[in-house]
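So the protein lines, in turn, are chains A and B. The opening residue of the first sequence carries number 1 in full-length UniProt numbering; numbering runs sequentially from there. The opening residue of the second sequence carries number 1 in full-length UniProt numbering; numbering runs sequentially from there.
No lab work stands behind these hints: they were computed from the structure. Mixed in with the good hints there might be a few duds.
As the list claims (entries may be wrong) - Chain B regions said to be covered by chain A (calculated; three or more residues, Cβ under 8 Å):
hint, stretch
1, 10 to 17
2, 22 to 35
3, 110 to 116
4, 123 to 134
5, 279 to 288
To be verified - Not close to chain B: a few residues of chain A, all C-beta gaps over 12 Å, as computed:
hint, residue
6, D155
7, P183
8, L208
9, K210
What the hints assert, rightly or not - Label-pair restraints from in silico Cβ distances:
hint, chain 1, residue 1, chain 2, residue 2, range
10, A, W86, B, R101, 38 to 46 Å
11, B, R218, A, S237, 56 to 64 Å
12, B, L141, A, P207, 53 to 61 Å
13, A, G131, B, H48, 30 to 38 Å
14, B, A80, A, N61, 34 to 42 Å
15, A, G90, B, G276, 31 to 39 Å
16, B, Q215, A, K210, 39 to 47 Å
17, B, E254, A, S279, 39 to 47 Å
18, B, P88, A, S203, 48 to 56 Å
All C-beta atoms, glycine included, are put in the ideal place defined by N, C-alpha and C.
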Amino acid sequence: MKRADVMPQPLPAGRDAWPGRAWLSRPWLAWTLILAGAAVLVAPLYFTFVFATHGRTEIFNSPPPLWFGSQALSNLHLLEERLPFWRNLGMSLYVAGMTTLLNLLLCSMAGYAFAIYQFRFKRPLFALVLGSMMLPSFLHMIPSFMVMDALGWIDEPRALYVPAAASALGIFLMRQYIGSAIPRDLIDAARMDGCSEFRIFRSVVLPLLKPALGTLGLITFIASWNNFVAPLVVMRSPEHYTLPLALRSMQTPNNTEWGALMIGSAIAMLPLLVAYVLSARRLVSGLTAGAVRG
Amino acid sequence: MRARGWAPYLFLAPFFVVFLVFGLFPLLFSIYLSFQQWNPAEGLHTMHSVGLENYWYAITDPWFHDSLLNTLWFALVSGAPQHLVALPLAYFIHRQVKRGRDLLVGAYFVPYITSSVAIALIFSTLYSKDYGLINAALSELTRLPFIGSPLEAAQLARGGPIDWLGDADTTRPAVAFVVFWRYLGWNLVLYLSALQVIDQDLYEAATLDGASTWQQFRHVTLPLLKPMIFFAVTLTLIGNLQLFEEPFILVDSEKGVSQSVMTSAIFMYRLAFNDGDFGTASAVSWLLFILIAALTWLNARLFGRDARGAHEAG
Numbered sequence: 001m002k003r004a005d006v007m008p009q010p011l012p013a014g015r016d017a018w019p020g021r022a023w024l025s026r027p028w029l030a031w032t033l034i035l036a037g038a039a040v041l042v043a044p045l046y047f048t049f050v051f052a053t054h055g056r057t058e059i060f061n062s063p064p065p066l067w068f069g070s071q072a073l074s075n076l077h078l079l080e081e082r083l084p085f086w087r088n089l090g091m092s093l094y095v096a097g098m099t100t101l102l103n104l105l106l107c108s109m110a111g112y113a114f115a116i117y118q119f120r121f122k123r124p125l126f127a128l129v130l131g132s133m134m135l136p137s138f139l140h141m142i143p144s145f146m147v148m149d150a151l152g153w154i155d156e157p158r159a160l161y162v163p164a165a166a167s168a169l170g171i172f173l174m175r176q177y178i179g180s181a182i183p184r185d186l187i188d189a190a191r192m193d194g195c196s197e198f199r200i201f202r203s204v205v206l207p208l209l210k211p212a213l214g215t216l217g218l219i220t221f222i223a224s225w226n227n228f229v230a231p232l233v234v235m236r237s238p239e240h241y242t243l244p245l246a247l248r249s250m251q252t253p254n255n256t257e258w259g260a261l262m263i264g265s266a267i268a269m270l271p272l273l274v275a276y277v278l279s280a281r282r283l284v285s286g287l288t289a290g291a292v293r294g
Numbered sequence: 001m002r003a004r005g006w007a008p009y010l011f012l013a014p015f016f017v018v019f020l021v022f023g024l025f026p027l028l029f030s031i032y033l034s035f036q037q038w039n040p041a042e043g044l045h046t047m048h049s050v051g052l053e054n055y056w057y058a059i060t061d062p063w064f065h066d067s068l069l070n071t072l073w074f075a076l077v078s079g080a081p082q083h084l085v086a087l088p089l090a091y092f093i094h095r096q097v098k099r100g101r102d103l104l105v106g107a108y109f110v111p112y113i114t115s116s117v118a119i120a121l122i123f124s125t126l127y128s129k130d131y132g133l134i135n136a137a138l139s140e141l142t143r144l145p146f147i148g149s150p151l152e153a154a155q156l157a158r159g160g161p162i163d164w165l166g167d168a169d170t171t172r173p174a175v176a177f178v179v180f181w182r183y184l185g186w187n188l189v190l191y192l193s194a195l196q197v198i199d200q201d202l203y204e205a206a207t208l209d210g211a212s213t214w215q216q217f218r219h220v221t222l223p224l225l226k227p228m229i230f231f232a233v234t235l236t237l238i239g240n241l242q243l244f245e246e247p248f249i250l251v252d253s254e255k256g257v258s259q260s261v262m263t264s265a266i267f268m269y270r271l272a273f274n275d276g277d278f279g280t281a282s283a284v285s286w287l288l289f290i291l292i293a294a295l296t297w298l299n300a301r302l303f304g305r306d307a308r309g310a311h312e313a314g
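Hey, can you work out the whole structure from these sequences and the hints?
See below:
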């Protein structure tokens, strides 16, 4: 891949016809539009944080507040009154953490098998996993609710993190990465030294997988953290709700405490925003991996 | 050495246990379920086969028709602008923006990683009829010269401030905008990543041949981007046809207008979890799947073969 910041070649003046030339020769117009667009995109997030610091009445002042206020703590107290908020936050952390750990473990092991070994039914098994998991997720909604019901897992956090541990994206990313980044000689050398197959995986391969594990871990965590439909279907008691579900349950037709809701939303978004800022490049390249091939 | 024969299967086993129990089995079971009549409250033994009745019921149900039309409307109205904006935007950023590029792309991408619930909640305050920021901004605009008075006249004609999420005319566009807002950055990133692999020499050669920027975009960039356009449009199509969260959260299901944003996925959810009709809900999910598969296939027929050809030529 070429580096991102290859300089575009300057164009000889006077040769180009409208509209492209005019568009690019007056980049301030495009710049204005693009910055305005970026502002429009970021504005709702900004207002989440602004509204989080204002009470219900101030939020719906005319004009609404454009800058931070001083009601953050009282909003938080309201939130604690209305929701088992810290339990919901803990549940989100627990579910997303377990999903990520299990996903990394199962996908790296299976990806390793698909990348390194030759065995019977390798191709059909891989095709089966990828194929069936590319099916739309709503097809799973009803039958997996019934499976959870049959297992007695309704209202249990494991109903959220166990199924998410087997992901097509995870196995695909891991197989690609292991196939290209792990030298076979290294594995053969470890075998000569008498390492068991599992020991090779744990002590030789796994440490080399760190970058891929980081990317996949981040993607998995974000997806689990933001997941709304799975907890909606499975969770019953409010103290087992994950954050998105808990916040949504606070939205009532008449008497919604918007300030409290906004601080809840802000807290729900903050970890992801921080993670994103710290790892934007890796995350974006990870998300689009495999897409470049078209 | 014999142990190695078992090794791959041992590495695969945990993944496949989870996959079979929670991935493959539910999928096959849902096909079976779509031919059954069953009330979950009365236990598994009350399940009995009804042949194609569930499918027939769904196909002839006017609500299902409405939900399909809504779903297709969303796929088109929130889907097409995502690409029509993201593609030129990506091209401009690729050719013009050197400094601050990561920040700019980051701003466009950040809605994609934030929780859809938090987003829906903030948008419901922004869309609020009497006090929402959007209506407040619109009423500020009426003070401007030139556009002010026609805007005010239009508002008066509508009978005051717009009830974005409470009026059947505006609810769908309002929801569609949120979907557009959320996925624009994702498509931008896809297109940027495709632009970066285009050989810069091609542009140099085109410039030497006297091609204008527009001609370069039209004859160099666009053909080379076709595989990515195809890929991105396919993703949008599949995603939008399953649309659930945004309309579900933004528009209260108690309200009458929720009908106007009831997508097929919401229809299926209500059948199963509000009405307890799991059989018909499963049938609806497979009908929707058939629709998605057909549209994806059509998209590939119209677009895909051509795209592959361009890719190989490039």
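Practice item. Return the numbers of the hints above that this structure violates; sort them in rising order. Key: Of the numbered hints given earlier, the structure breaks none, since each of them holds.
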